[in-house]
Each structure stands twice: as C-alpha cells, then as structure tokens.
Amino acid sequence: MTTVTDQPTTTLKKGFVGQSIPRKEDRRLVQGKGTFFDDVRRHGMGYVHFVRSPYGHARIVSIDVSKALELEGVYGTITGDEVAIHTDPFFEMSVEPGGLIKDYALAVGRARHMGEPVAAVCAATRELARDAAELIEVEYDPLPVLVDAEEALKNEVVLHDDAGSNVVWSGVFDWGDVDTALAEADHVVKIDRLHFHRFSSTPLECAGALVEYDKGTGEWTLTCNHQMPGVGAIWMAPALRVGIDKLRFVTHDIGGGFGNKICLHPQYVVLCLMARKLGRPVQWTEWRTDQHTANAHGNERTFLDVEVGVRSDGEMTGFKVRALDDCGAFPRYEPLGCIIWAQVTPGMYSWRNIRVDFTQVCTNKSPVSPNRGYSRMQHLWLTERIVDIVASELGLDPVEVRKRNYVKTEQMPYETPNGCVYDSGDYAAALDIALDLIDHGSVEERRKEAAARGKLLGFGIGSTLDSGTNNFGQSTLLNPELQFSGNNEAASVKLDIFGEVVVTLGTVPQGQGHETTAAQVVADILGCSPDQVNVRRGHDTWFNSHAGFSGTYASQFAFTGLGAVKGAAELVREDMVQLAAAVLQAPVEAIELADGFARIKDGPPEAALPFMALGAIVNANNAFLPPEFNPTLNHRYVCRPYFGMVDTEKKTGQLTLTYATQIHAAIVEVDPETGEVDVVDYAAVDDCGVRINPQIVEGQVHGATAHAIGAALSEEFVYDEEGTLLTANFYDYHVPHAMDMPPLKTGAMESPSPVAPLGAKGMGEGGGGGIHCICAAIQDALRAAGGAIVYDSCNPPHRVWSMLQDVEKTRANVRVEAK
Amino acid sequence: MAEPVRSCVVALEINGEQVELEVPARRLLVHFIRDDLGLTGTHIGCDTGNCGACTIHLDGEPVKSCMALAVQADGGTITTVEGLSADGELTPLQQAFNAHHALQCGYCTPGMLMSASALLARNPRPTEDEVRYALQGNICRCTGYVNIVEAVVAAGGGA
Numbered sequence: 006m007t008t009v010t011d012q013p014t015t016t017l018k019k020g021f022v023g024q025s026i027p028r029k030e031d032r033r034l035v036q037g038k039g040t041f042f043d044d045v046r047r048h049g050m051g052y053v054h055f056v057r058s059p060y061g062h063a064r065i066v067s068i069d070v071s072k073a074l075e076l077e078g079v080y081g082t083i084t085g086d087e088v089a090i091h092t093d094p095f096f097e098m099s100v101e102p103g104g105l106i107k108d109y110a111l112a113v114g115r116a117r118h119m120g121e122p123v124a125a126v127c128a129a130t131r132e133l134a135r136d137a138a139e140l141i142e143v144e145y146d147p148l149p150v151l152v153d154a155e156e157a158l159k160n161e162v163v164l165h166d167d168a169g170s171n172v173v174w175s176g177v178f179d180w181g182d183v184d185t186a187l188a189e190a191d192h193v194v195k196i197d198r199l200h201f202h203r204f205s206s207t208p209l210e211c212a213g214a215l216v217e218y219d220k221g222t223g224e225w226t227l228t229c230n231h232q233m234p235g236v237g238a239i240w241m242a243p244a245l246r247v248g249i250d251k252l253r254f255v256t257h258d259i260g261g262g263f264g265n266k267i268c269l270h271p272q273y274v275v276l277c278l279m280a281r282k283l284g285r286p287v288q289w290t291e292w293r294t295d296q297h298t299a300n301a302h303g304n305e306r307t308f309l310d311v312e313v314g315v316r317s318d319g320e321m322t323g324f325k326v327r328a329l330d331d332c333g334a335f336p337r338y339e340p341l342g343c344i345i346w347a348q349v350t351p352g353m354y355s356w357r358n359i360r361v362d363f364t365q366v367c368t369n370k371s372p373v374s375p376n377r378g379y380s381r382m383q384h385l386w387l388t389e390r391i392v393d394i395v396a397s398e399l400g401l402d403p404v405e406v407r408k409r410n411y412v413k414t415e416q417m418p419y420e421t422p423n424g425c426v427y428d429s430g431d432y433a434a435a436l437d438i439a440l441d442l443i444d445h446g447s448v449e450e451r452r453k454e455a456a457a458r459g460k461l462l463g464f465g466i467g468s469t470l471d472s473g474t475n476n477f478g479q480s481t482l483l484n485p486e487l488q489f490s491g492n493n494e495a496a497s498v499k500l501d502i503f504g505e506v507v508v509t510l511g512t513v514p515q516g517q518g519h520e521t522t523a524a525q526v527v528a529d530i531l532g533c534s535p536d537q538v539n540v541r542r543g544h545d546t547w548f549n550s551h552a553g554f555s556g557t558y559a560s561q562f563a564f565t566g567l568g569a570v571k572g573a574a575e576l577v578r579e580d581m582v583q584l585a586a587a588v589l590q591a592p593v594e595a596i597e598l599a600d601g602f603a604r605i606k607d608g609p610p611e612a613a614l615p616f617m618a619l620g621a622i623v624n625a626n627n628a629f630l631p632p633e634f635n636p637t638l639n640h641r642y643v644c645r646p647y648f649g650m651v652d653t654e655k656k657t658g659q660l661t662l663t664y665a666t667q668i669h670a671a672i673v674e675v676d677p678e679t680g681e682v683d684v685v686d687y688a689a690v691d692d693c694g695v696r697i698n699p700q701i702v703e704g705q706v707h708g709a710t711a712h713a714i715g716a717a718l719s720e721e722f723v724y725d726e727e728g729t730l731l732t733a734n735f736y737d738y739h740v741p742h743a744m745d746m747p748p749l750k751t752g753a754m755e756s757p758s759p760v761a762p763l764g765a766k767g768m769g770e771g772g773g774g775g776i777h778c779i780c781a782a783i784q785d786a787l788r789a790a791g792g793a794i795v796y797d798s799c800n801p802p803h804r805v806w807s808m809l810q811d812v813e814k815t816r817a818n819v820r821v822e823a824k
Numbered sequence: 002m003a004e005p006v007r008s009c010v011v012a013l014e015i016n017g018e019q020v021e022l023e024v025p026a027r028r029l030l031v032h033f034i035r036d037d038l039g040l041t042g043t044h045i046g047c048d049t050g051n052c053g054a055c056t057i058h059l060d061g062e063p064v065k066s067c068m069a070l071a072v073q074a075d076g077g078t079i080t081t082v083e084g085l086s087a088d089g090e091l092t093p094l095q096q097a098f099n100a101h102h103a104l105q106c107g108y109c110t111p112g113m114l115m116s117a118s119a120l121l122a123r124n125p126r127p128t129e130d131e132v133r134y135a136l137q138g139n140i141c142r143c144t145g146y147v148n149i150v151e152a153v154v155a156a157g158g159g160a
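Protein chains in written order, with my numbering: chain L, 6 to 824; chain Z, 2 to 160.
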C-alpha cells in the first residue's frame with residue numbers, strides 16, 4: 006500500500022489520536038468469540054419464518070394457516086389481517102400522494118413485490134418453521150406488474166389505491182438562473198438519458214432479531230442488528246400503539262450494515278406481535294435470498310433531459326435535469342432520498358446555476374433503504390458523467406476540465422448555491438496525488454502497449470464528496486409539516502470504583518472500530534492508555550446513552566459520536582482534576598492527568614493519585630467531601646451540532662456539516678471481443694480532515710472502493726417483466742471476490758474541518774468514487790472503438806459488448822449545440 | 002415402503018473434544034455446530050454455499066459447513082475458529098489479522114481464518130496471488146480483501 010500524506014498529522018503529536026493503533030474489537034472477533042444476534046439463545050424460544058409473495062404484484066384472495074398449525078412443534082402464525090387489527094400503518098414522511106400510502110408490517114390484501122412477507126409462522130426449530138411455512142396456503146390473484154419508473158409515471162397501473170398515484174414525491178429545486186446560464190453559454194451539451202442502477206451493499210450478516218416480551222411491564226427487548234434504533238423506534242412504537250419507552254434495542258457485534266439495516270421495522274413489528282401473542286421469545290434470521298429479494302436495495306435513479314452550459318474555455322455554468330427515482334414498493338425511509346442528494350448539489354464544482362426537477366415513484370420491486378453513499382452517490386455519478394461527457398464531446402482534457410471547474414481551496418469554506426457549506430479541502434491537490442499514484446504520465450504509452458495486445462485501455466477519474474452529519478431539518482424541504490430538525494448523539498463516560506474507565510456509546514457500530522477510536526479520544530483526555538478504557542460493545546437503550554437520532558449512518562461518528570465522547574470525557578476530567586486538587590490540597594491548575602494518575606505537575610512522586618483512588622473516593626468513600634462539592638465521575642453528554650434553520654421557500658440551508666473528499670482514478674482494459682473490463686491500476690485518495698486512526702480510515706476507503714468496483718462491473722438487481730428478481734443470491738449477484746479486486750493504492754490528505762469537534766470529518770461511505778471513475782475509464786477506452794457513451798452505472802461484459810456493437814445507439818443520447 | 006430415517010446419532014471430535022448427539026437427519030453441519038454445540042464462531046452468510054463464512058476444517062480440509070449435513074461428519078475430526086488457538090493465545094495468523102486491520106465487522110473473519118490457515122498448512126509461505134486464489138471462496142463485504150491478503154502473506158513470513 007502506498008500512503009501519501011502531504012501534510013503532517015495536525016492532531017496532538019504525543020497523543021493516541023492520530024495513531025494507527027490496532028483495534029480493540031479484534032481480539033474477540035479473531036477467536037470466534039464475538040456475539041452476533043443469531044448467537045443468542047433463550048429458553049423456549051421459537052424460530053420465525055416468513056411466507057413471501059412469489060408474485061411481483063398480486064391480490065391476496067385468502068390465507069389458510071390451518072395445516073401449518075396442525076404440525077407438531079408449530080407455535081403459531083400471524084397474517085396480514087391480524088397485523089391490520091393490532092397495529093397501525095407506519096408513519097409516512099411524504100406529503101400527498103406518497104403520504105397517503107398505507108404500509109403495514111405484513112402485506113394486507115395485496116402483495117406489491119416479490120418476496121414481500123404475507124404471513125409469519127413460529128416453530129420449535131428452524132427446519133420446522135420452514136416446513137410449516139410451506140403448509141400455509143395463500144391464494145393469489147396476479148395483477149399487472151410495474152418494473153419501470155417511467156411506466157409508473159403513466160399511472161396505468163397504480164400500486165397504492167390510497168395514494169391514487171405511483172408518485173411518492175415530486176418537486177423542483179431551482180437555484181441560480183439556469184435558463185440564462187444555458188442561454189449565455191458557448192455550448193450546450195444535451196444528454197437524453199442516464200441510468201443509475203439498483204444494487205446494495207449486501208452485508209454478509211443478514212438481518213434479524215431475537216425478541217422477548219415482558220408481560221408484566223409490556224416491554225419488548227430486541228436483541229438485534231438494527232443500525233439506527235433511535236429512528237427504528239420512532240417507526241415501531243406508534244405502529245404498535247405503545248410509547249417509545251416500551252422498546253429496548255440491544256446490539257452486540259453486527260456483521261456489516263452499510264445502511265441496509267435501517268429499515269427493519271416491518272419484520273421487527275411482526276416479531277413483537279408474535280412474541281406477545283405466543284408468550285415466548287421468538288427469533289428470526291433472514292435468509293440470504295430473502296435479503297436480496299425483500300430487505301433493502303439502493304435507490305435506482307434515471308436522469309432525463311440533462312442540459313449543461315459550457316463556455317469555450319471549458320468552464321461549465323450550470324445544468325438542469327429531470328431526476329426520476331425508483332423507491333420500489335414502499336417509501337419507508339423515503340422520500341428522504343429526494344433531498345439528501347442536495348447536500349452535494351454542484352458536486353465538487355463551482356457551478357452556481359442548477360435546476361433539478363425531482364420525482365420519486367413506486368414500482369413492484371423491493372423497497373429501498375439508505376445504502377452506502379445514499380442518494381449523494383447517485384447525484385455525484387451524474388455530475389461526474391456530465392464532466393466526462395462534456396469533456397469527450399468538446400475535446401477537453403478530463404483532468405484540466407476538472408481543475409478548471411473544481412471549487413478552489415482558497416474559496417473554502419465554500420457556500421453552494423443551495424446554502425450548504427463545503428468546510429475544507431483541496432480537490433486539485435488530491436487529484437494530483439491520485440494521478441501520481443497511477444502514473445498518469447504513462448497512460449498514452451500504456452494505451453499503445455495494450456492496443457498491441459488487442460485491448461482497449463482507458464483512464465478515468467471519479468471526484469466525490471462524502472458528506473457527513475446530516476441535518477434532519479432537510480426533511481422539511483420535502484414536507485414542511487415534519488417535526489424533524491438538527492441531529493444529536495450521546496455518550497457516557499465514567500470512572501468506576503476500582504479505577505475503570507467505562508464508555509458507553511449511543512452509536513451502533515457494524516465494523517467501523519468505534520471501540521478503538523473512542524478509547525483513543527478518551528485516553529488522550531484522561532491521560533491513560535486506550536487499553537485502560539473499556540468502551541462497551543454495541544448499543545443498549547437501557548445504557549441511557551442514546552439520543553433521538555442515535556445510530557451509525559451518514560458518515561457522522563467522527564463528528565457526533567466522538568463529539569459526544571469528547572464532551573463526556575471532558576466533564577469526567579474536570580471532576581477528576583477538582584477532586585485531586587481537593588485531596589492533594591493544590592490549585593486545580595497544578596493538577597495534571599497522565600499515565601493513569603492525577604498528580605501535581607512537577608510535584609513529588611507521592612503527590613499523585615491513581616485513578617483507582619479517585620474512583621473509590623467518589624463511589625465508596627465520600628463522607629469527607631464537603632456538601633457543596635459533588636463530583637460524580639459519571640457524565641452523559643449530548644453532541645448537538647448547530648445547523649441553523651433551513652429555508653423551505655428557497656429550499657436552502659446547511660443540510661450537512663462536513664465534506665470529506667475522495668478522488669479515485671482507474672485504468673481499465675476492455676476486451677473488445679467479450680466486453681470484459683479488467684481494472685489494471687487503481688488509486689483512491691481520501692481527505693477526511695484529522696484522521697483519528699489512519700489505518701481504520703484506510704480500511705474504510707478500501708471497503709467503499711470494493712463496493713463501488715462491484716457495483717460498476719457486476720452487482721445489479723435485475724427484474725424480469727413479471728417482477729421476478731433474477732439476481733436473488735450470491736450466485737447471480739456477483740460481489741467482488743479476492744481474485745476480482747485489483748491492487749489498490751491509497752493516498753491521504755488532512756484538511757481539518759473547522760466545524761468538527763476534533764477536526765475529523767465523518768467518512769466511510771465514499772460517494773461511489775469507484776463507480777464514477779470506472780464509468781469514465783470505460784468511456785475513455787471505448788474512444789478508440791467508435792466513441793460510445795457510457796450511459797449506465799453498471800457495466801458488466803454484456804452491456805459493454807452491446808455498446809461496442811452499437812456505438813451510434815449510445816451516441817444518439819448526446820448532442821452538442823454550439824451558440 | 003420403509004419409513005425414512007428421521008434422526009441420526011452423530012459422533013465426532015471437535016476442537017479436541019468428543020461429542021455424540023442425536024440430531025434430525027436433515028440438520029446441516031453448520032447448524033449442528035452453532036445450535037447444537039453452541040460453537041457460534043462459525044457463521045452463516047448465504048444459503049447457496051458462496052460466501053464461506055461457515056468454513057471449518059473437516060479431517061484437515063477446509064469445508065463449507067452449510068454444504069454438508071451433520072451426519073456426513075460422523076466419525077470425523079473438526080476444527081472450528083474456536084479451536085485455532087489454545088488458551089486464548091493468538092496464532093501468528095490471528096495476530097496478523099489484528100496488526101494489518103484485516104477485519105472490520107468480523108463476520109467473515111472465522112471463515113477467512115479457516116481458509117487461510119488451511120492454505121498456510123500446505124503452503125507455509127504463500128505469495129499474494131496464491132493467497133487470493135485460496136481465499137476466492139470467502140466473501141468479505143468490508144475490507145476489499147486488501148488487508149486480509151496482506152495479513153495472510155505476512156503470517157507466512159512474506160513481505
């Protein structure tokens with residue numbers, strides 16, 4: 006691995022922050038001693054299996070569970086009819102018509118996508134539950150199926166009668182003056198259609214939960230892998246007609262999430278009903294095929310009628326587009342994707358005039374859920390496609406045109422046309438590092454060498470932003486009636502009786518190394534080693550260390566999660582210093598915390614108290630402390646980032662707070678005989694401000710790159726016209742294996758965030774940089790074979806081969822009008 | 002027609018211990034290991050044999066335990082991830098996974114370790130290409146394999 010750092014780490018040189026200390030989590034995980042939800046057992050627990058619709062769209066005529074109930078060892082069933090009686094539909098975030106959709110925990114009366122749960126059965130063993138599911142007889146009356154978003158707009162088939170339309174949400178975002186910008190441009194480049202495909206990060210651990218109901222208190226405990234319990238509870242509690250205090254979420258280790266474990270509330274509500282109905286713990290572990298067909302896909306988006314204004318010097322003046330988003334059968338987390346993209350409205354470019362006419366529709370496909378890079382990735386793919394199509398059609402150099410249009414480092418902090426503030430960064434410098442890593446100067450020579458072997462070589466860049474620390478107030482730009490704004494995260498830090506430093510997080514890590522990075526931050530503040538800091542694994546509502554937006558999502562742990570940890574640790578530190586000053590009879594300014602002691606700076610060795618002494622005094626031996634002095638050594642802190650209010654008229658505001666930068670560069674070779682694409686050189690440069698743990702940051706860059714390479718070259722949820730998913734498991738949905746991944750070169754810069762508590766920006770989602778740069782590289786490779794335009798974000802061999810066979814078909818999509 | 006056999010006694014050695022248990026004849030080996038023996042370090046990531054999270058050693062060979070019935074392991078010798086290191090001391094391979102940040106969520110890790118340790122047993126100093134070839138049956142969704150490959154090469158003493 007190559008790590009290039011062109012600036013020294015800006016954090017405390019002597020501290021643990023900024024060091025690549027090995028992760029604390031690993032010791033248990035490499036020994037098979039982690040605890041994942043499916044590892045947890047309870048006496049008498051039953052296993053749940055869902056009966057799922059084999060049809061993309063069908064009326065449910067009848068459900069007969071009697072034969073299943075006759076089977077010995079079957080504990081009980083639940084059907085949509087019971088769900089409709091015992092629960093209310095989930096809260097919808099959209100205005101009308103989407104807001105009128107009724108979404109229940111099981112299909113009620115109609116199934117709207119293949120794999121939608123229509124009934125659930127609980128039995129003594131996993132095998133028996135599956136057998137029983139086979140015995141549940143469901144009579145369906147198939148209905149016409151919609152798998153195309155543009156077809157859905159016609160409303161000839163309507164999925165949700167309550168809404169009366171397939172449109173969930175629709176609105177126009179218009180910033181600057183795009184008509185004048187296009188009129189005054191020297192060229193207008195028109196692109197009729199671009200398609201961002203449907204895929205998901207498919208975490209290796211499927212979804213699930215063990216749910217216990219306490220009949221005495223009416224409380225449910227969910228030992229689960231939900232990655233955003235705060236918001237999950239907001240959906241579930243009203244549906245179950247209980248207060249939010251009746252839901253306790255517990256997570257231990259989680260086997261990856263990537264956003265795909267945010268919308269688990271429908272299945273969890275069924276489990277809650279089942280546990281209450283049967284009076285026993287119930288457990289459900291999703292099967293891989295079920296995850297692919299019916300858990301969470303990423304948003305599919307079609308961009309229509311793109312028009313871009315370009316001056317003769319290569320400066321782009323703005324663009325307009327119609328964006329059509331396909332959210333599948335139910336909106337669930339949507340329509341938030343209709344606004345989240347606006348965090349990166351102009352991409353990395355200083356474009357001031359942008360109009361986006363955005364519509365989201367339902368189709369008979371799996372519902373979507375936030376997926377790594379959520380909604381921004383789709384939009385950034387558009388901005389990068391715009392740059393590379395403009396460059397190709399006007400004969401501009403893709404490096405130079407980017408540098409001309411990038412927001413400049415001297416413009417930071419930079420306010421976008423819609424009021425977001427890019428906090429720091431130097432995009433051109435990051436691009437230079439990436440170019441250096443892949444030896445950009447040798448591209449033409451390598452192109453000739455590849456051509457001699459019959460291969461088409463291409464080079465491409467992907468410039469992306471990983472925006473972090475969401476302002477939930479942006480939801481009011483979609484629906485002014487919503488009562489969401491701001492953000493928050495909590496943490497507690499305490500010093501216990503024998504000197505133990507214990508940290509509890511509100512976040513819900515799924516591999517991001519929070520136990521390690523939180524320990525690094527606390528160790529620096531309290532003057533001890535990260536080994537002495539016990540960061541409790543996972544999330545527990547009963548820790549009381551969570552807040553309304555608790556979770557791990559939207560690249561924000563470095564800001565909100567660690568901000569809360571820092572705040573709580575500083576309060577404990579203040580207690581420790583005051584206590585030591587009182588005991589050692591010294592002024593507080595004379596006290597330092599170091600090496601696990603509170604001591605008098607430059608004082609005699611005996612003028613030092615071990616943490617154990619401080620913990621013991623406060624927790625167990627405190628009678629001598631005066632009444633007015635009450636250090637607790639136990640503090641909860643809520644990090645509440647400040648955003649200000651959004652302007653719902655102008656649709657502007659600070660939609661997020663930090664912007665990590667990623668520049669990816671790839672060199673690919675296309676086999677013209679087969680359409681196969683081989684990534685032969687690859688570099689990813691990341692600038693997330695201060696890196697708390699550079700090794701963990703680099704690991705996130707690797708992972709995001711792998712997801713992007715998989716998405717760009719093979720991963721696609723493909724439906725046939727009847728709404729059957731054709732890629733429902735890892736045979737047909739090919740994720741990268743070790744042999745598929747090219748060697749990755751990584752580089753790093755540090756442009757500290759001026760707004761984040763530690764100067765560290767959230768990172769990890771990655772903005773889909775690999776998708777953008779591989780699309781660009783394929784298009785560059787195809788120049789020598791007629792100049793096809795890459796119009797889809799997924800380019801498996803058959804699609805590339807088709808582009809090579811019918812170049813004109815792809816080119817008919819694009820026109821240049823000179824003024 | 003004779004009634005099908007519905008349950009079988011399975012006797013085997015696992016991580017150095019003898020076990021004997023009557024289980025349903027159709028029980029998968031991975032469910033036998035996880036649910037009946039409580040060795041939950043072995044994971045399940047798919048239902049088609051693609052992901053390798055369930056990889057164990059059966060009679061010294063790496064095997065995907067979701068692709069075998071428990072009864073097929075009768076009389077065999079099994080090692081799972083829990084049996085890799087004695088007394089909590091990490092093996093050089095486990096240490097290398099920690100030092101090289103070769104795991105994030107840790108869900109694929111047990112299967113990776115079992116495939117990698119089988120490789121190292123037959124080829125103590127594998128090259129990067131050999132490691133990638135040996136691990137192609139194990140899916141990781143977090144790391145992009147970069148650090149996993151680095152860790153296995155390092156555990157073999159390679160650079």
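In case anyone wonders, no lab produced these hints; they're calculated from the structure. Treat the hints with care, since some could be wrong.
Partial pick of chain L residues on the chain Z-facing surface, computed with a CB cut under 7 angstroms [said to hold, decoys possible]: (1) THR732; (2) PHE735; (3) MET744.
Even glycine gets a Cβ: it sits at the ideal position worked out from N, Cα and C.
Just pull the numbers of the violated hints for me, sorted ascending.
Failing hint: just 1.
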